[in-house]
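Please put together the full structure from these sequences, using the hints given.
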Amino acid sequence: MGDSPPNPEAPSQQQSSSRRSSQVSERQRSREPSQSQAAFPDEGQQVLLGAQQINLRWSQGGNLPEDENLPMFQAEEGGMGGMEYQPMSAGFPVEFQTQTYLDESGTQAGEQTTSLMQQLQRLQQGQGGFFQQLESPTYPGANVLGQFSMYQRDDPQFMQNIEHGPYLRDDPALHFSPSELGFMNFGTEMPEPEPRELAVQNAKAYLLQTSINCDLSLYEHLVNLLTKILNQRPEDPLSILETLNRTTQWEWFHPKMDTLRDDPEMQPTYEIAEKQKALFSRSGGGEGEQEMEEEVVETAVPNIMETAFYFEQAGVGLSSVESFRIFLALKQLVEQQPIHTCRFWGKILGLKRSYLVAEVEFREGEEEAEEEEVEELMEGGEVVEAHGEEEGEEDEEKAVDVVPKPTWKPPPVIPKEESRTGANKYLYFVCNEPGRPWTRLPHVTPAQIVHARKIKKFFTGYLDAPVISYPPFPGNEANYLRAQIARISAATHISPLGFYQFGEEEGDEEEEGGAGRDSFEENPDFEGIPVLEMVDSMANWVHHMQHILPQGRCTWVNPLQKSEEEEELGEEEEKADEGMEEVEQEVGPPLLTPLSEDAEIMHLSPWTTRLSCSLCPQYSVAVVRSNLWPGAYTYASGKKFENLYIGWGHKYSPDNFNPALPAPIQQEYPSGPEITEMSDPTVEEEQALKAAQEQALAAAEEEEEDEEEDEDEDLED
Amino acid sequence: MDAESLLLSLELASGSGQGLSPDRRASLLTSLLLVKRDYRLNCTDWSLLPPATEEMVVQTAMVKGRFMGDPSHEYEHTELQKVNEGDKVFEEEVVVQVKEETRLVSIIDQIDKAVAIIPRGALFKTPFGPTNVNRTFEGLSLSEAKKLSSYFHFREAVDLKNKTLLEKADLDPSLDFMDSLEHDIPKAGSWSIQMERGNALVVLRSLLWPGLTFYHAPRTKNYGYIYVGTGEKNLDLPFML
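Those protein sequences? They're chains W and B, same order as listed.
Residue numbers for the first sequence follow our numbering, beginning at -17 and rising by one.
Residue numbers for the second sequence follow our numbering, beginning at 326 and rising by one.
Don't read these hints as lab results, they were simulated from the structure.
Yeah, the Cβ is synthetic: ideal placement off N, Cα and C, and Gly gets one too.
Keep in mind that the hints are not guaranteed to be accurate.
Stated by the list, open to error - Derived lysine to aspartate or glutamate pairs resembling EDC-like cross-links, with alpha carbons at most 16 Å apart:
no.: 1; chain 1: W; residue 1: Lys257; chain 2: B; residue 2: Glu521
no.: 2; chain 1: W; residue 1: Lys334; chain 2: B; residue 2: Glu521
no.: 3; chain 1: B; residue 1: Lys558; chain 2: W; residue 2: Asp637
no.: 4; chain 1: W; residue 1: Lys257; chain 2: W; residue 2: Glu304
no.: 5; chain 1: W; residue 1: Lys259; chain 2: W; residue 2: Glu304
no.: 6; chain 1: W; residue 1: Lys407; chain 2: W; residue 2: Glu346
no.: 7; chain 1: B; residue 1: Lys472; chain 2: B; residue 2: Asp434
no.: 8; chain 1: W; residue 1: Lys622; chain 2: W; residue 2: Glu346
no.: 9; chain 1: B; residue 1: Lys450; chain 2: B; residue 2: Glu481
no.: 10; chain 1: W; residue 1: Lys633; chain 2: B; residue 2: Glu557
no.: 11; chain 1: B; residue 1: Lys450; chain 2: W; residue 2: Glu224
no.: 12; chain 1: W; residue 1: Lys439; chain 2: W; residue 2: Glu459
no.: 13; chain 1: W; residue 1: Lys210; chain 2: W; residue 2: Glu224
no.: 14; chain 1: W; residue 1: Lys621; chain 2: W; residue 2: Glu503
no.: 15; chain 1: W; residue 1: Lys436; chain 2: W; residue 2: Asp637
no.: 16; chain 1: W; residue 1: Lys313; chain 2: W; residue 2: Glu341
no.: 17; chain 1: B; residue 1: Lys546; chain 2: B; residue 2: Glu463
no.: 18; chain 1: W; residue 1: Lys622; chain 2: W; residue 2: Glu504
no.: 19; chain 1: W; residue 1: Lys387; chain 2: W; residue 2: Asp218
no.: 20; chain 1: W; residue 1: Lys439; chain 2: B; residue 2: Asp561
no.: 21; chain 1: W; residue 1: Lys407; chain 2: W; residue 2: Glu343
no.: 22; chain 1: B; residue 1: Lys450; chain 2: W; residue 2: Asp218
no.: 23; chain 1: W; residue 1: Lys633; chain 2: B; residue 2: Asp561
no.: 24; chain 1: W; residue 1: Lys622; chain 2: W; residue 2: Glu509
no.: 25; chain 1: W; residue 1: Lys210; chain 2: B; residue 2: Asp434
no.: 26; chain 1: B; residue 1: Lys471; chain 2: B; residue 2: Glu507
no.: 27; chain 1: B; residue 1: Lys438; chain 2: B; residue 2: Glu521
no.: 28; chain 1: W; residue 1: Lys334; chain 2: W; residue 2: Asp446
no.: 29; chain 1: W; residue 1: Lys436; chain 2: B; residue 2: Asp509
no.: 30; chain 1: B; residue 1: Lys558; chain 2: B; residue 2: Asp434
As the list claims (entries may be wrong) - Pulled from the structure, derived: some chain W residues nowhere near chain B, Cβ distances all over 10 Å:
no.: 31; residue: Thr591
no.: 32; residue: Met660
no.: 33; residue: Pro663
no.: 34; residue: Glu684
no.: 35; residue: Glu689
Unchecked claim - Partial pick of chain W residues on the chain B-facing surface, computed with a CB cut under 8 Å:
no.: 36; residue: Glu294
no.: 37; residue: Pro320
no.: 38; residue: Thr323
Quick look at the structure:
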C-alpha cells in the first residue's frame, strides 16, 4: 500500500484506491464540485464519509470525546459543499444534514462543536489537517463491522492541528488490522507526508476486497446497508441491525427482477390470471360482435351476485370478487354444456385444493348420450370379465378334480337410481378454481352412499385420488365427493313452505303410481312468508329433496327380487309381501316434510334460525343454518330463497367417529370324511404288510402243492 | 389480526365461507375501537374474559357438544369422583356444573395455544430480551409460502429444546425461536395449505380446529388469522386423513 506514493497535487488516474483519497484531498482543497469526477463512484466516497458519520452517531452513547469528531466531519462536508450526497441525505442539503447531526449529538458537544467548527474550517485551508483527522475515522470505518466500542482519544491533540505521528491504540483488536500494520511500518520507515492518507487507503482497500464466494465486497455491502438505513430511518436501528444486515444481504442476491424477464416463481400466478382473464372475455368473439339485444336473452346461469349479496347479509359466503369469478365460470359452463338449469351448489374445502360445485340439469335428451357412453364402457368391462369367468369354469370342469365351489354369494348389488330421479336428480360439475375446466361427476350408486356414511375422510382436491378407508370405499374421490354431495343435498336443501307444491294429484294417494310424490313444481301463487315467521317456526320450511333411505336410494328396491319391478314408493306401502323374504322395506319421510319433524342431535335442534340483522328487521333476511351438516345455509327473503354449502363436507356428530369394526372371522370349510386326509402307512407297517402278504402267499402255494399232491396221489391210485 | 385491518382480513379469509355480515362488521369495528379503551358480546357489548387456568381446561374437556350462545348457561355432566370419607374411599356421582363462560375461555385459550400462527420473520428476538415486531418484514416468497416450515406457532416454544444439535445449527436464533408447524402431530396432516386467487394468497386452515383460517399474501406484509366456528376440536382427525 505504501508503494505508490500519494500525490495529492496531481490528479492521478491510477487504479489503486489511493487515488480516491487523493482525489478527496484534491477536492477538498480545490473545493470543486464532484460531478466532474463522476468517473469514481461518488457514492463510495460519500458513503465512506457518511459511514464515519454514522459510526459517530452510534457512538454517541459512548464517550464524550467522540462527539468531538462530529464537527470535524461535518466541517468536511461543509467543505465539500458541492458534492451531492444522494444516497445519504435523501434530498436534504448538506448544511441541514450537518445540522441534524449536531442536534442529535446531544447537548454536551453543542457548544464545543461550534467553536471547533470555526477552527476546523480554518483547518480546511491547510494541507494536512484533513488527514490527521481522517486518520481516526478510518479505523471506525474499518471497525464498523461490529466493534462499537470506541477508543480513547486525546482531545487537545486534534484541536491543535499539528502533524502527528501515528497514535497508539489501546484496543488490542486494532493491532490486527492490516492497515494499521502498514501504517505503522510506514511511520517508522519513511516519513511520509500523509501517513494518515495511507491509512485511509489501506483501510479502504481492505474493505473493498471481494469475498471468495461472491462479488460482494464488504465495502459495497456496508454502502447498501447504510444507504438503506438512512433512507428508511427506522427507529432504534441498533436493535434491528442484524435484520437489516440480513435483509441487505438477501437483496444483493435477489435483485428486483427486470421487467423484461419473467419471474419463475410468479409463473403459475400469471397462468391462472390469464385463464381467468379468458373468463372475462366474451364468448364467440370471432364470429363478429354480439349485439346488445342478444345479451338480454335469458340464460341458465343464475344470478350469483344477488345470491351472494343475500348470503353476505347472513355472514356466509365468499368474497364478492370471488363470487363474480364463480359467476363467470358458471357462464362458461353453461356455454360448454347443454344445460337447462344451473345453480351454484357450494364449495367443498379440501386439503390441497377446494372444489366449486355446480348443480345442473341437462336439457331433455341431451344427457342420455353421455350416459350411454359411460355405461357402455362399463358394460364392456363387465362383459369381458364374465367371459373370462366362463372360460375359467370350463377349464375347471375339464379338470379331473373338481374344486369345491364356494357357497358364498355376494349380496345382490342394489341398482343405482336412474338419472333425473332420486339421488341422481341433478348432475354435478366441479372445478377447482374459476377459470379451470369443469369436470362432470358420475352418478352416485347406493353402495357408495352406504359406504360414505361409514367413513369420514378429508378431500384432497384431486378427483382421481383413492379413498383409503375401512370399509373400503367403492370408488375414488370423485365418487366419494358425489356421495357426500348427495347426502348433503338430501339433508339440507330446504325451501319455504308453499314455494313448491305437488303436482295435480292423480286419484287416490294409495295408488303406487302417485307421481306427485316425488316431483313437485313451483307454486305460482306463492306469496312469500314474512321473515319473522320464517325465523320463528321450523314448520315454515320444508325439505324439497328426497330423503335417502338406509339402502342408499331414495326409492326402495327389494334386492332379492329377480324380476325388474317398477319402483315402489317408500311410504304408505301396505303391500309388503311381494316376494320379500327377509328384507324389510325401508321407509323414509315423504317429500316436502317440514323441518320441525327432523330428529334432534342430542339435545340440540338440527337447525338454527336467525334474522340476518336484528337492528333492522324490516329489511333483514331469514337465515337457517344446519347443525347436522355444518356449513349448510339457507336464506329466504320474500319470494326468494337459496341454499348454499361451504364447508369440509362432513356430518356433525357429537360423539367421536368410530370406524367400522372388521368383519367377523369367516368360518373355515367344514371338515368331513370326504376331505379328511388319510395318514399314509409308515414303513414298518408296509413291511409288516408285505411280510404278511408273502406269508399268505407262501401258505397259499403250499396248500396248492398239497392239493396237487393229493390229486396226484388220487390219480395214481 | 389488528382491529385496523379487520376488513381486509375478513375479505382475505373469506375463502372458508364463514365471515361476518356487513352490519356485524360495522358494529365490530366500532366496538373494537372502544374495547381498546375499555372492555365491554354481540359485537357491541364486550365482557372481560378471565384468563384460562388449568383447572378450567380440565373441566371443560368433559363437556361436549355445541356452545349455547349464552355465557351464563351451565352445562351439567356427571362425573365419578373419588370421595374420601374417613378410611373408606368410594366413588360418588357428582354433578359438575360448568359455566359456558368458563368453557369459552378455555376453548379460546386452547385455540390460541394450539393453532395461532405467524409467518417466519414477522417477529424476531433480540438478545436484550423482548420479542419485537419486525418492521422490515416484507412477506414470505412464494416458494417459502407453500412450505409448512415457514410458519410458527405463536406461543412459547415447546419443542425447540428437543431438537438435535444438527437441526439447531440451521436455525437462526433471532428468528426461529418458536415451534414450526412442520412438527405438528399428525405429521403432514393437521394443516391444509392452499393457494387461492392464483398464488396471490396463501391460506392455511387448521384441521384440528376447523374454522381457524390463516391467510397471508406473499411478498406483502399482510397476514392474519381468524377463528369462526363452533369451538369444538376435531378429534377424528387421524381417521380423516
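Verification of the supplied hints:
About 14 Å separates the Cα atoms of W:Lys257 and B:Glu521, which keeps this hinted pair within 16 Å; it holds. The straight-line distance between the Cα atoms of W:Lys334 and B:Glu521 is roughly 11 Å, inside the 16 Å bound, and the hint therefore holds. Between B:Lys558 and W:Asp637, the direct Cα distance comes to roughly 12 Å. Compliance with the 16 Å bound is thereby established for this hinted pair. Distance hint between W:Lys257 and W:Glu304 is fulfilled; the C-alpha atoms sit about 15 Å from each other, no more than 16 Å.
For the suggested pair W:Lys259 and W:Glu304, the alpha carbons sit about 14 Å apart, so the restraint of at most 16 Å is met. Our distance criterion of 16 Å between C-alpha atoms is met by W:Lys407 and W:Glu346, whose separation comes to about 13 Å. At roughly 26 Å between alpha-carbon atoms, B:Lys472 and B:Asp434 are farther apart than 16 Å, so this suggested pair is violated. With a CA separation close to 26 Å, the supplied pair W:Lys622 and W:Glu346 exceeds the 16 Å bound.
With a C-alpha separation of about 12 Å, the suggested pair B:Lys450 and B:Glu481 falls inside the 16 Å cut-off, and the hint holds. Using a Cα cut-off of 16 Å, the hinted pair W:Lys633 and B:Glu557 holds, with the two alpha carbons roughly 14 Å apart. Proximity of B:Lys450 to W:Glu224 is assessed by CA-CA distance (about 11 Å); at most 16 Å being required, the pair is judged to hold. Annotation: proposed proximity of W:Lys439 to W:Glu459 holds, straight-line Cα distance about 10 Å (limit 16 Å).
Restraint check for W:Lys210 and W:Glu224: satisfied, since their Cα atoms lie roughly 13 Å apart, inside the 16 Å limit. Note on W:Lys621 and W:Glu503: the hinted pairing holds, with a Cα-Cα distance of about 15 Å set against a maximum of 16 Å. Taking the CA atoms of W:Lys436 and W:Asp637, the gap is about 14 Å. The hint holds against a cut of 16 Å. Only pairs whose Cα atoms come within 16 Å are accepted, and W:Lys313 paired with W:Glu341 is accepted, the gap being roughly 13 Å.
The suggested pairing of B:Lys546 with B:Glu463 holds, with an alpha-carbon distance near 6 Å, which does not exceed 16 Å. The hinted pair formed by W:Lys622 and W:Glu504 meets the criterion: a straight-line CA distance of about 12 Å does not exceed 16 Å. For the suggested pair W:Lys387 and W:Asp218, the alpha carbons sit about 87 Å apart, so the restraint of at most 16 Å is broken. Taking the CA atoms of W:Lys439 and B:Asp561, the gap is about 9 Å. The hint holds against a cut of 16 Å.
At most 16 Å may separate the alpha-carbon atoms for a hinted pair to count; W:Lys407 and W:Glu343 meet this at roughly 8 Å. At roughly 14 Å between alpha-carbon atoms, B:Lys450 and W:Asp218 fall within 16 Å of each other, so this suggested pair holds. Taking the CA atoms of W:Lys633 and B:Asp561, the gap is near 12 Å; set against the 16 Å cutoff, the hint holds. For the proposed pair W:Lys622 and W:Glu509, the alpha carbon gap of about 10 Å is at most 16 Å, so the pair holds.
With a C-alpha separation of about 41 Å, the suggested pair W:Lys210 and B:Asp434 falls outside the 16 Å cut-off, and the hint is violated. Annotation: proposed proximity of B:Lys471 to B:Glu507 holds, straight-line Cα distance about 12 Å (limit 16 Å). Proximity of B:Lys438 to B:Glu521 is assessed by CA-CA distance (about 26 Å); at most 16 Å being required, the pair is judged violated. For the hint pairing W:Lys334 with W:Asp446, the CA-to-CA distance comes to about 13 Å; that is within 16 Å, so the pair holds.
Restraint check: the Cα-Cα separation between W:Lys436 and B:Asp509 comes to about 27 Å, which exceeds 16 Å; the hinted pair is violated. Note on B:Lys558 and B:Asp434: the hinted pairing holds, with a Cα-Cα distance of about 13 Å set against a maximum of 16 Å. At roughly 13 Å from the closest C-beta of chain B, the C-beta of W:Thr591 stays outside 10 Å, upholding its exclusion from the interface. Look at W:Met660: its CB is around 51 Å from the nearest CB on chain B, clear of 10 Å, so calling it non-interface holds up.
For W:Pro663, the non-interface assignment is confirmed: its Cβ lies about 57 Å from the closest Cβ of chain B, beyond the 10 Å cut-off. Under the 10 Å C-beta cut-off, the non-interface status given to W:Glu684 relative to chain B holds; the minimum distance is some 85 Å. Residue-level check passed: W:Glu689 sits 89 Å from the nearest beta carbon of chain B, beyond 10 Å. Restraint check, W:Glu294 versus chain B: the minimum CB separation of about 6 Å is within 8 Å; hint holds.
With its C-beta approaching chain B no nearer than about 29 Å, W:Pro320 sits outside the 8 Å limit, and its interface hint is violated. Restraint check, W:Thr323 versus chain B: the minimum CB separation of about 24 Å is more than 8 Å; hint violated.
In this structure, the hints that do not hold are numbers 7, 8, 19, 25, 27, 29, 37 and 38, in rising order.
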